[in-house]
Amino acid sequence: MSHEGRHDHPEEERMILAHDPVPGYRPVFTVIFALSCLYLAYVLFTTL
Amino acid sequence: MINALPPAVILIVGALLIPLLKGRMKQAWMLLLPIASFVNLLSIPPGSHWSFSFLGYELVLGQLDRLSLIFGYIFHLIAFITNLYALHVEDRVQNIAGLAYAGAALGVIFAGDFFTLFVFWELLTICATFLVLARRTPEAFGAGFRYFMVHVAGGLCLLAGILLHVQQTGSVAVTFLGLNGLASYLIFIGVGVNCAWPLLHTWLTDAYPASTVTGTIYLSAFTTKAAVYLLARSFAGTDALIWIGAVMAGFPIFYAVIENDLRRVLAYSLINQVGFMVVGIGIGTELAVNGAVAHAFNDILFKGLLFMTMGAVLYRTGKINATDLGGLYKSMPWTCAFCIVGAASISAFPLFSGFVSKSMVMEAAAHDNLRLVWFVLLFASAGVFHHAGIKIPFFAFYSHDSGLRCKEAPRHMLLAMGLTAFLCIFIGSFPQYLYRLLPYATDYQPYTVSHVVAQTQLLFFSALAFTLLLLSGIYPAEIRSVNVDADWVYRKGGRLFYSLSDRIFNGLNNWGDRIFVRGIPGALARFFADPGANLQKAGARLTSGSSRDLAAIDAAIERRSRLGAYPVGIGVLLAVLCLSVMSFIFFW
Amino acid sequence: MKKTPEHEPPQAHPNAAGDEKPGIFDNPRNVRRLLQGFYACVVMLLLVDLFYHKHALFPWEEKFGFYAIYGFVACVILVLVAKYILRPLVMRKEDYYD
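Residue numbers (our numbering), protein chains in the order written: chain A, 11 to 58; chain B, 28 to 615; chain C, 1004 to 1101.
No wet-lab data here; the hints were simulated from the structure. Incorrect hints may appear among the rest.
Said to hold, decoys possible - Simulated pairs of lysine-lysine, BS3-like, Cα-Cα distance not exceeding 25 Å:
# : chain 1 : residue 1 : chain 2 : residue 2
1 : C       : K1096     : C       : K1086
2 : B       : K434      : C       : K1096
3 : C       : K1096     : B       : K519
4 : B       : K519      : C       : K1086
5 : B       : K434      : B       : K357
6 : B       : K357      : C       : K1024
Said to hold, decoys possible - Residues from chain A that face chain B, not an exhaustive set, calculated with beta carbons under 8 Å:
#  : residue
7  : E23
8  : M25
9  : A28
10 : P31
11 : Y35
12 : L48
Claimed, not checked - Computed list of chain C residues with no C-beta within reach of chain A, every gap over 12 Å:
#  : residue
13 : K1024
14 : R1032
15 : G1040
16 : V1051
17 : F1054
18 : F1069
Remember, predicted model here, so these are calculated numbers, not experimental data. Every residue gets a Cβ at the ideal spot worked out from N, C-alpha and C, and that includes glycine.
Build out the structure end to end from the sequences listed, making use of the hints.
As structure tokens, this is what we get:
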């Protein structure tokens, strides 16, 4: 925040630090997440 | 009588002597005081000591049993560690406030009656406020002021509860209360403010990140844990605590994911960890209370360690936002390693301290068949690894290279962090030493194959989620921003109240001014400037049906009034003439 | 009251000019190795589940990979909710309270 009174270049501070996607990861993630959700739903449905 | 001092005395009196010392003498004094106080504590046998009568009530300065002693040990330990970490601090305000704060916490823990407890409770607030103000930035002044106001309100609530309780029962002893009646509810809520319950928690996430590099370490240890102690003492087994604790464990992790200030991330995870303790106390079985107390013990160490590593980063770089940091593992390898130990401990990796205490609370919840609570706690366990375990070290020390290059943390900070990291691993690896100190005897076994594998799976797959989210670009960007929390109510709502009051009361004032100061006297003045004409005009308006010749009548009235040519005037003239004539005739 | 500097300004590292020793993660190959090792661990951990007897208090704990899948799904949901629900609701400019 503004505790950098002692520093001379406040304008150098970035406002946002985004995370760039690495190509190919998103479909893998989507598939794993979908399968995990289904499996978890099945487990909870059969035991709860 | 015994030859020892009440537990809180050495630290508080010692703190007051600090202004007389400087340089190496003061540093030695800061390090020796917690040790001397600890030796003093060890020399006191369990039981009630230093009781005296005050206004017909029995006050007790030292009530030592297994529950208060374990908190006493850890408070001494963290006071020593924090003083070591803060050895470079020349600011006497911080030196005194820090030590007196630790002393006040001891006073609360060992108080045998509610009056003594309340005095030390308020001393906690005062010392903590100074630790926040010591940063001396506008943000810190604002946060310190808000901290003070919230805690004074909570303290008043507690005091009201204590007075009612004393009046109803005639006893001031700090014992089990349970929730029954107004007095206990007031005490319950007063403690809840210090315990950072949901909606009452915002002082914590507001003030802790605003404090100084070293002040935050003191703050993270005492206030919430003293409240946890009092809950364990007076409200163990209260069902409401189970749900309060579950919410505390759950909601802060969502905020922590999108928070940019890394010390505020830790503040949110502090609430999350206290949530586990509160659930344990709410369950109230021996295993659960043991788990809560053991987790408080461990949390003071690993949360202190994490705050220390982030403090070291702030100290060396002047920055604490995730957007500004990254790549520091090259400049601060030791701090980075200690941070990872703290992260592993808070995440409850096997062989690290969180593992041996968090599991007790989880198992106690399972034994009581609290399914929903168990799921929330498991969710929170995965979540805490996600935000405190990965986010903190990753964004500070790895992630993208911020280009910051700095020196490693100073030696005394590294020593303090190293000692704490060692304790985290030691307790995690040899939990029996901690278990021996717990309030109830236990033969709990954390290291079963099932438990170790399950916890490792949970954490590795949480890490997998983080990795995949980050690499597929879904992980939320770090953004410099304010995230509105319940403190909106008094930060913006206060302003709303102010403007509303402004409208109502200043409106009333203006209205009064218009009517009574300018309106009525003005009207009266206008009327009495020419009462005869004004009365006639009013009469003409009342009697004449149409407004056709009102203007003419008004003009006639005014002409007559100006010339004094009223019917009355003519009458008077005639009377005077008549009198003159009569006098003339009579006297002549 | 004596004002002491709260923190030091960041100093230029002796090697900041450009001849600094590259960190271990500056080499993309090391990052790739770390990730591959991590994925291997994850898969092995899931397979370990088949080979030991579980002491469970709840029935769902005995199912294959319950903790692993729950941890994964919980974290993804945590991040998605924080990003797409909480952040739009609560995020304001830095000077919101000023």
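- prompt: Can you list which hints this structure breaks, lowest number first?
  reply: 2, 12, 18
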